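Please build the complete structure, drawing on both the sequences and the hints.
Protein chains: 2
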Amino acid sequence: MRKSFHMTPNEFRAAGHTAIEWVARYLEDVENYPVLSQVQPGGIRARLPAHPPDSGESFEAIMNDLDAIIMPGITHWQSPNFFAYFNGNASAPSILGELISAGLGTQGMLWATSPAATELETLVLDWLVELLGLPDAFLSTGRGGGVIQDTASSSTLVATLAARERATGFTTNKTGDLGHLTAYTSTQAHSSVEKAVRIAGIGSANLGLVDVDANYAMQPEHLERLMLEDVAAGKTPAVVIATVGTTSSTAIDPVQRIGEIARRHGAWFHVDAALAGSATVLPDMRWLHEGLELADSYVVNPHKWLFTNLDFSALYVTDRSALINTLSVLPEYLRNEATESGEVIDYRDWQIGLGRRFRALKLWFVVRHYGVEGLRHHVAGHLRMAKELADRVRQHPDFDLAAPVPVNLVCFRHRGGEAVNQHIMDTVNASGEAFFTHTKLDGKLTLRMAIGQTYTEDRHVRRAWDLIVEAAASAE
Amino acid sequence: MRKSFHMTPNEFRAAGHTAIEWVARYLEDVENYPVLSQVQPGGIRARLPAHPPDSGESFEAIMNDLDAIIMPGITHWQSPNFFAYFNGNASAPSILGELISAGLGTQGMLWATSPAATELETLVLDWLVELLGLPDAFLSTGRGGGVIQDTASSSTLVATLAARERATGFTTNKTGDLGHLTAYTSTQAHSSVEKAVRIAGIGSANLGLVDVDANYAMQPEHLERLMLEDVAAGKTPAVVIATVGTTSSTAIDPVQRIGEIARRHGAWFHVDAALAGSATVLPDMRWLHEGLELADSYVVNPHKWLFTNLDFSALYVTDRSALINTLSVLPEYLRNEATESGEVIDYRDWQIGLGRRFRALKLWFVVRHYGVEGLRHHVAGHLRMAKELADRVRQHPDFDLAAPVPVNLVCFRHRGGEAVNQHIMDTVNASGEAFFTHTKLDGKLTLRMAIGQTYTEDRHVRRAWDLIVEAAASAE
Numbered sequence: 199m200r201k202s203f204h205m206t207p208n209e210f211r212a213a214g215h216t217a218i219e220w221v222a223r224y225l226e227d228v229e230n231y232p233v234l235s236q237v238q239p240g241g242i243r244a245r246l247p248a249h250p251p252d253s254g255e256s257f258e259a260i261m262n263d264l265d266a267i268i269m270p271g272i273t274h275w276q277s278p279n280f281f282a283y284f285n286g287n288a289s290a291p292s293i294l295g296e297l298i299s300a301g302l303g304t305q306g307m308l309w310a311t312s313p314a315a316t317e318l319e320t321l322v323l324d325w326l327v328e329l330l331g332l333p334d335a336f337l338s339t340g341r342g343g344g345v346i347q348d349t350a351s352s353s354t355l356v357a358t359l360a361a362r363e364r365a366t367g368f369t370t371n372k373t374g375d376l377g378h379l380t381a382y383t384s385t386q387a388h389s390s391v392e393k394a395v396r397i398a399g400i401g402s403a404n405l406g407l408v409d410v411d412a413n414y415a416m417q418p419e420h421l422e423r424l425m426l427e428d429v430a431a432g433k434t435p436a437v438v439i440a441t442v443g444t445t446s447s448t449a450i451d452p453v454q455r456i457g458e459i460a461r462r463h464g465a466w467f468h469v470d471a472a473l474a475g476s477a478t479v480l481p482d483m484r485w486l487h488e489g490l491e492l493a494d495s496y497v498v499n500p501h502k503w504l505f506t507n508l509d510f511s512a513l514y515v516t517d518r519s520a521l522i523n524t525l526s527v528l529p530e531y532l533r534n535e536a537t538e539s540g541e542v543i544d545y546r547d548w549q550i551g552l553g554r555r556f557r558a559l560k561l562w563f564v565v566r567h568y569g570v571e572g573l574r575h576h577v578a579g580h581l582r583m584a585k586e587l588a589d590r591v592r593q594h595p596d597f598d599l600a601a602p603v604p605v606n607l608v609c610f611r612h613r614g615g616e617a618v619n620q621h622i623m624d625t626v627n628a629s630g631e632a633f634f635t636h637t638k639l640d641g642k643l644t645l646r647m648a649i650g651q652t653y654t655e656d657r658h659v660r661r662a663w664d665l666i667v668e669a670a671a672s673a674e
Numbered sequence: 199m200r201k202s203f204h205m206t207p208n209e210f211r212a213a214g215h216t217a218i219e220w221v222a223r224y225l226e227d228v229e230n231y232p233v234l235s236q237v238q239p240g241g242i243r244a245r246l247p248a249h250p251p252d253s254g255e256s257f258e259a260i261m262n263d264l265d266a267i268i269m270p271g272i273t274h275w276q277s278p279n280f281f282a283y284f285n286g287n288a289s290a291p292s293i294l295g296e297l298i299s300a301g302l303g304t305q306g307m308l309w310a311t312s313p314a315a316t317e318l319e320t321l322v323l324d325w326l327v328e329l330l331g332l333p334d335a336f337l338s339t340g341r342g343g344g345v346i347q348d349t350a351s352s353s354t355l356v357a358t359l360a361a362r363e364r365a366t367g368f369t370t371n372k373t374g375d376l377g378h379l380t381a382y383t384s385t386q387a388h389s390s391v392e393k394a395v396r397i398a399g400i401g402s403a404n405l406g407l408v409d410v411d412a413n414y415a416m417q418p419e420h421l422e423r424l425m426l427e428d429v430a431a432g433k434t435p436a437v438v439i440a441t442v443g444t445t446s447s448t449a450i451d452p453v454q455r456i457g458e459i460a461r462r463h464g465a466w467f468h469v470d471a472a473l474a475g476s477a478t479v480l481p482d483m484r485w486l487h488e489g490l491e492l493a494d495s496y497v498v499n500p501h502k503w504l505f506t507n508l509d510f511s512a513l514y515v516t517d518r519s520a521l522i523n524t525l526s527v528l529p530e531y532l533r534n535e536a537t538e539s540g541e542v543i544d545y546r547d548w549q550i551g552l553g554r555r556f557r558a559l560k561l562w563f564v565v566r567h568y569g570v571e572g573l574r575h576h577v578a579g580h581l582r583m584a585k586e587l588a589d590r591v592r593q594h595p596d597f598d599l600a601a602p603v604p605v606n607l608v609c610f611r612h613r614g615g616e617a618v619n620q621h622i623m624d625t626v627n628a629s630g631e632a633f634f635t636h637t638k639l640d641g642k643l644t645l646r647m648a649i650g651q652t653y654t655e656d657r658h659v660r661r662a663w664d665l666i667v668e669a670a671a672s673a674e
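Same order as they appear, the protein sequences are chains A and B.
So in our numbering, spot 63 of the first sequence is number 261, and the numbers just go up one at a time.
So in our numbering, spot 274 of the second sequence is number 472, and the numbers just go up one at a time.
Check each hint, because a few of them may be wrong.
Same chains, same label: a pair holds when it works inside one copy or across any pair of copies.
To be verified - Derived DSS-like pairs: lysine-lysine, alpha-carbon spacing no greater than 30 Å straight-line:
1) 585 with 638
2) 201 with 642
3) 372 with 642
4) 201 with 585
5) 638 with 372
6) 585 with 433
7) 433 with 372
8) 433 with 642
Hints in this document: simulated from the structure, not taken from any laboratory.
Just so we're clear, the structure is a prediction, and the values are computed from it rather than from any experiment.
Here it is in structure tokens:
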């Protein structure tokens, strides 16, 4: 009988070099793949064995199936021709940070369970405050601090829970009694806000949806009116969530004015800059964050636009004790000297889960590889390409811009109506040469192109636009 | 001015081979590192630059700092001398699956955003049903199905939310009105249960903590009494959570009898087998799951004991529509033909977050590399080593077993009292030669050793036991 089924270190070396070569070739070739997978539902599963193998198989056999069966079912988020949703731009140093993290296999739930994982996380999140010009109140060196979450949805949920607890004097966790709490965000906010309000037990009926202006940014006057009405009805405004860069059109809510209103009513003020926050690596983009000093919490996702592969959402708070008081449960089996001393951070108390991967390595690798200079260079390139695409749309007689272009998303429409726009999107996406998605603005189908993929260059944007213009011509 | 700061594919090749060699050497050497990091709070951060670098640095410089600064702050979860908490056992194929996943950088929030990510996830979770002998009702081919979550905390939270919604006719999400819902678990359940009940807005005061028997397993009679009292007081039992393998002592709650009581009261029945579930890869361990046919949901973490690196928690439900009705919010920008067709799974509706890494690759790589045979071989080895350690404890005149050893955790105490036991733990952990942790059982300090690390062999367990006996001798 075999003594061990593990790969030996040398077998790992051989397989690892194969895997690295595979990723290198993928990154070389990725722009040649059809961006949007063209398979039919069930098409991938049908080609895979219904049952797990009794005996182990060779690494070569696994990699062969990866190529033959899995790859046709991949939508290539790392393609320079990917313009859909919001980008999720990985990079080579980030991939290697993930590899090292997986190799170490540490679990940083407590400081003691890997002090370096906690201390590097605190450091890189302080670095990010400096990189993005965020308020000093978010630094760990004061009463605030940052924490890595998996996604902005989790970040916003955690902020909403802290807001709920602060609004009820930290009693809801125990009693389950929320009183009559209310939350507020704009009609353009991300779906994760409604999801957070539901999960927290506040209820979507108690989420005030604030009107937006012609640029799809929140109208502070309407926010204030909703809050006053709710207060008059005996309700307690618990949280206001502003968006810097909405998902549909990257509209920029007026953070300063919203923050003043939230403060006046004693509500927690959370700012969601999941995508757009990364733009402030450029000092001339820091107007995006005007008024952020009024925020209680803030989220930006380096896994969207800062070359750090999923998952890496950075949540900041100005009062970490509110977060910890909301989420901490300390059973005996997690007690340890460092925790009792109060001198360390245990990030398990800053999130929903207990286990934690060592994700700080990824951003550390990225920032050290690129330096401030490199990050600025590439984000500036995306912004420039978006502006140039917007110019092309503006100059074309058959197309209109559908919203301002403050960062890297261009929203536009063909003047021929919904059927033509749908035809354009379907035609280009089916070609495999580019992939973009849609939204609705003012009830009208709107095409949107986000330019933020790591390897996107001018030629890719120009080619995508040519495909769009060609598809429009074929609609007639 | 530089045109690009990205690594070229060839630079990635070179750095990647360095990183693979680094991981291979780490896996060769890991048993020689001090298991528990010996640094002081602040010790790692003090050695790192306070500010991000203006210009990029070489990969060599980053790796040098990894060795010199980060490594002394790592607690080595992958060491064969790691016996603390519950193990988190990674493996070479899993590390490579993570690397491929990071290289692809796909985001599987929707089927359409990478059909293979969704279909492979569905497949490997169906495979896992077969591997562990779980009830067919958890298969995706019926009305149920599995989904990968980051941790068991998230799995239990998601199950609790579905339970909350089912108990209120799926209205709480909207109204925020929970009525008077109650939840139940044993006094020995994981802290994530209380955390879930808090987050869901039920409130920890409405969590009935059920007494345990002499083996620390839930007493069904006490559960039934608590539920009857609550119903008599006008409350609605929403969810009962049983544990197969509690964190303190791997006690096995009587699933069958608890399930019958939960069903009788119309409560959702969730079973947490985060650690112990993996043992049922061995047919003769399937008694652990007796009565699981009564469960509405179930969680097992392959990232604990099935050679799959963090994060990979598998949550199963028998009625996926309850989960989807609880968590789905569909904004316009996520609408697509495949979703509208109803023929595909969009896993974003099965979890809190929206973004999703391609984690199915990891378990696929693991199961294909090891085969059923290899997984059984290594899990059986851990079980055998735990039984043999338990025998050594039992045979030693100065030590007692503190709880039964149904799976891979041995709980024990020196007869000399709390100070001696504390001394043993502190001495061994400070030596760096082994690392284990404690709990309290019946209010008494209890030492615990979990045997489930990938590379743990008999000699490591014997050495750890010798260190414990030596430390006990030095206490006198």
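The hints, checked one at a time:
Taking CA atoms no more than 30 Å apart as the test, residue 585 paired with residue 638 passes inside one copy only; the shortest distance there is 21 Å, against 62 Å between copies. Taking CA atoms no more than 30 Å apart as the test, residue 201 paired with residue 642 passes in neither setting, with 65 Å inside one copy and 39 Å between copies. When the C-alpha separation of residue 372 and residue 642 is checked against a cutoff of 30 Å, the pair qualifies only between copies, where the shortest distance is 27 Å, while the shortest distance within a copy is 46 Å. For a Cα distance limit of 30 Å, the shortest separation of residue 201 from residue 585 across copies, 19 Å, qualifies, whereas the shortest one inside one copy, 62 Å, does not.
When the C-alpha separation of residue 638 and residue 372 is checked against a cutoff of 30 Å, the pair qualifies only between copies, where the shortest distance is 24 Å, while the shortest distance within a copy is 41 Å. In this assembly of identical chains, the alpha carbons of residue 585 and residue 433 never lie at most 30 Å apart, being 44 Å within a copy and 59 Å across copies at closest. Proximity of residue 433 and residue 372 under a CA criterion of 30 Å is satisfied in both settings, with 20 Å inside one chain copy and 16 Å between copies. Taking CA atoms no more than 30 Å apart as the test, residue 433 paired with residue 642 passes in neither setting, with 35 Å inside one copy and 47 Å between copies.
This entry does not satisfy hints 2, 6, 8, going by the numbered hints stated previously.
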